[in-house]
Amino acid sequence: MTRDDAFLQFLLRMGDNTLVLGHRVSEWCGHAPVLEEDIALANTALDLIGQTQMWLALAGEVQGDGKSADDLAFLRDAWDFRNALLVEVPNGDFGRTLMRQFLFDSWHKLMLERLKGSSDERVAAIAEKAVKEVTYHVERSRDTVIGLGDGTEESHARMQEALDYLWPYVGELFAGDAVDAEMVAADIAPDPASLRADYDAILAEVMAEATLSIPKSGFAHKGGRDGRMHTEHLGHLLTSMQWLQRAYPGARW
Amino acid sequence: MYAQMIKTASDGIKSRDEMSDEERTFQDKIDADIKIEPKDWMPEDYRRTLIRQIGQHAHSEVVGQLPEGNWITRAPTLERKAILLAKVQDEAGHGLYLYSAAETLGVSRDELVEMLLSGKMKYSSIFNYPTLNWADIGAVGWLVDGAAIINQVALQRTSYGPYSRAMIRICKEESFHARQGYHAIMAMAFGTPEQKKMAQDAVNRLWFPALMMFGPSDKDSVHSEQSMAWKIKIKTNDELRQQFVDQTVPQILYLGLDLPDPNIQWNEERGHYDFSDPDWSEFFNVIKGNGPCNTDRLAARGKAWDDGQWVRDGLLAHSRKKAAARMAAE
Numbered sequence: 001m002t003r004d005d006a007f008l009q010f011l012l013r014m015g016d017n018t019l020v021l022g023h024r025v026s027e028w029c030g031h032a033p034v035l036e037e038d039i040a041l042a043n044t045a046l047d048l049i050g051q052t053q054m055w056l057a058l059a060g061e062v063q064g065d066g067k068s069a070d071d072l073a074f075l076r077d078a079w080d081f082r083n084a085l086l087v088e089v090p091n092g093d094f095g096r097t098l099m100r101q102f103l104f105d106s107w108h109k110l111m112l113e114r115l116k117g118s119s120d121e122r123v124a125a126i127a128e129k130a131v132k133e134v135t136y137h138v139e140r141s142r143d144t145v146i147g148l149g150d151g152t153e154e155s156h157a158r159m160q161e162a163l164d165y166l167w168p169y170v171g172e173l174f175a176g177d178a179v180d181a182e183m184v185a186a187d188i189a190p191d192p193a194s195l196r197a198d199y200d201a202i203l204a205e206v207m208a209e210a211t212l213s214i215p216k217s218g219f220a221h222k223g224g225r226d227g228r229m230h231t232e233h234l235g236h237l238l239t240s241m242q243w244l245q246r247a248y249p250g251a252r253w
Numbered sequence: 001m002y003a004q005m006i007k008t009a010s011d012g013i014k015s016r017d018e019m020s021d022e023e024r025t026f027q028d029k030i031d032a033d034i035k036i037e038p039k040d041w042m043p044e045d046y047r048r049t050l051i052r053q054i055g056q057h058a059h060s061e062v063v064g065q066l067p068e069g070n071w072i073t074r075a076p077t078l079e080r081k082a083i084l085l086a087k088v089q090d091e092a093g094h095g096l097y098l099y100s101a102a103e104t105l106g107v108s109r110d111e112l113v114e115m116l117l118s119g120k121m122k123y124s125s126i127f128n129y130p131t132l133n134w135a136d137i138g139a140v141g142w143l144v145d146g147a148a149i150i151n152q153v154a155l156q157r158t159s160y161g162p163y164s165r166a167m168i169r170i171c172k173e174e175s176f177h178a179r180q181g182y183h184a185i186m187a188m189a190f191g192t193p194e195q196k197k198m199a200q201d202a203v204n205r206l207w208f209p210a211l212m213m214f215g216p217s218d219k220d221s222v223h224s225e226q227s228m229a230w231k232i233k234i235k236t237n238d239e240l241r242q243q244f245v246d247q248t249v250p251q252i253l254y255l256g257l258d259l260p261d262p263n264i265q266w267n268e269e270r271g272h273y274d275f276s277d278p279d280w281s282e283f284f285n286v287i288k289g290n291g292p293c294n295t296d297r298l299a300a301r302g303k304a305w306d307d308g309q310w311v312r313d314g315l316l317a318h319s320r321k322k323a324a325a326r327m328a329a330e
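The listed protein sequences derive, respectively, from chains A and B.
Residues 1 to 253 in the UniProt record's numbering are what the first sequence lists, from first letter to last.
Residues 1 to 330 in the UniProt record's numbering are what the second sequence lists, from first letter to last.
Pulled out of the complex, with its shape left as it was, chain A reads as follows (with noise of 0.2 Å):
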């Protein structure tokens, strides 16, 4: 694998996770339950098709045939993508979609933290940009956790049961492979792995808050990061989200 191939690999990751994240996010236009959750929905769902509009740009360029962030976004098939097994997980209820949210929001805070730092200025750049939108994303997902959490018998139930379902989906984000080495060696981005420990710290503290416990088991479903393996959803969201292009190729909308 050349640097690269490693850095495109990296940029998908990147882009496909907010892309997919942005796309479920966006079901709920319309069926939150209160308005304000609707404003905040879209909100989020906003910045993070913005932000996949900077990393598959990017990917692009790297890429250097020529393509653009929408035919990266609406002209690959399931395998080419990289994002995270956790993304692409259905909504449920809205218990389940705002867990989801803070178990991703707080992963993609602190790799972005880092971002920052980048030896490749672009994606310093973009790092810079999007973790101020995801400050807000973690400390209202984190809010809201915290809250249905520790609110009635129900919404605590509920709670705990997005976070069972969700928890073998987390340990995915964490997982280094040969493009992370690559990545480190080149200074572009940080082991994943080392992002854990502060991860767990932040989980122990909202979780302890919410009243919800974290479940024992250490394992993770895999195969979204490299594409091995994605879940039957991702498809399903694929057909929805590139049917026009797919249909009408070629159209310029």
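Misleading hints may appear alongside valid ones.
Straight-line Cα separation of at most 30 Å, DSS-like style, residue types lysine-lysine; simulated pairs [claimed, not checked]: (1) B:Lys-231 - B:Lys-39; (2) B:Lys-288 - B:Lys-231; (3) B:Lys-172 - A:Lys-129; (4) B:Lys-120 - B:Lys-35; (5) B:Lys-322 - A:Lys-216; (6) B:Lys-231 - B:Lys-219; (7) B:Lys-196 - A:Lys-67; (8) B:Lys-39 - B:Lys-29; (9) B:Lys-120 - B:Lys-219; (10) B:Lys-29 - B:Lys-231; (11) B:Lys-231 - B:Lys-35; (12) B:Lys-235 - B:Lys-219; (13) B:Lys-172 - B:Lys-35; (14) B:Lys-321 - A:Lys-216; (15) A:Lys-67 - A:Lys-116; (16) A:Lys-132 - B:Lys-172; (17) B:Lys-120 - B:Lys-235; (18) B:Lys-29 - B:Lys-172; (19) A:Lys-67 - B:Lys-197; (20) B:Lys-219 - B:Lys-29; (21) A:Lys-132 - B:Lys-322.
Partial pick of chain A residues on the chain B-facing surface, computed with a CB cut under 8 Å [claimed, not checked]: (22) His-23; (23) Ser-26; (24) Glu-27; (25) Leu-35; (26) Ile-39; (27) Asn-43; (28) Thr-52; (29) Ala-69; (30) Leu-148; (31) Gly-151; (32) Ser-240.
The hints are simulated quantities; they were obtained by calculation from the structure and are not laboratory data.
Since this is a predicted model, take the numbers as computed values, not measurements.
A virtual CB, placed ideally from N, CA and C, is assigned to each residue, including glycine.
Since chain A is already given, all that's left is putting chain B on it; use the hints.
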């Protein structure tokens, strides 16, 4: 916009002699273009009419997320998706300002939502039409928000302060919506033959429903007179509709699309375009609940509300616990 068929709560306009002192002072303020503020005295019928109008407007913003949300997940480019998300976010925000404006009249947001879900309050008829192809999203911005702006620009001068101020804020964002809608449909009208077909289909289907947004013809609009005297309503339905047609026909022609009504023709003498009336029996049917999407739209809002009950309860319980803990600590 989005207020149609607002039943004015009044038995007809009173002459000055019939008015009480309070009513006269109130009407004098209105006539002098002084805004009425929440703590000012106001006739009960004025308050009730405004609650209906602002509430209907707020509900329209909220229900209006659904036809657009129908396409967010299928937006064809990242930029179009981002624009649509920004627009939907604005609309939910408009709903919020408007519910707040209504609350200044002594009705809570929960009560208003309850009235929407039980069918006691309406939302604009336009949102009971489906969005069937991607060009509909452009057309909703261009035609529906375009129609809304015409009404809302007039309402910036409405007599109730909080409503007028909400309108001023909302108008700024709506003009961005209308522009992006026109750009989206322009890309299609000037695009491939299939895209042009989508654009034409959208204009054909949404033209008359957009005209209906201004409410029934003046001759059938029985509630307007008092609302105009109170400056809750600034222009008549037919005046606003004509303004919309005059503004929109040249835009359709610029796009190279066929006009959706064979009777559209420039009338030199009137200085306006002539056009056909919408099918008013269809309009009254939609208002009664028989539009293509009424049942599904209300069901979707009802489901969102019911499914969200545990969330609202949970967050409320948490904030009470925190408040109790703070009290105990003090």
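Notebook entry, point to check: What hints, given by number in increasing order, does this structure fail?
Noted result: Result: no hint breaks.
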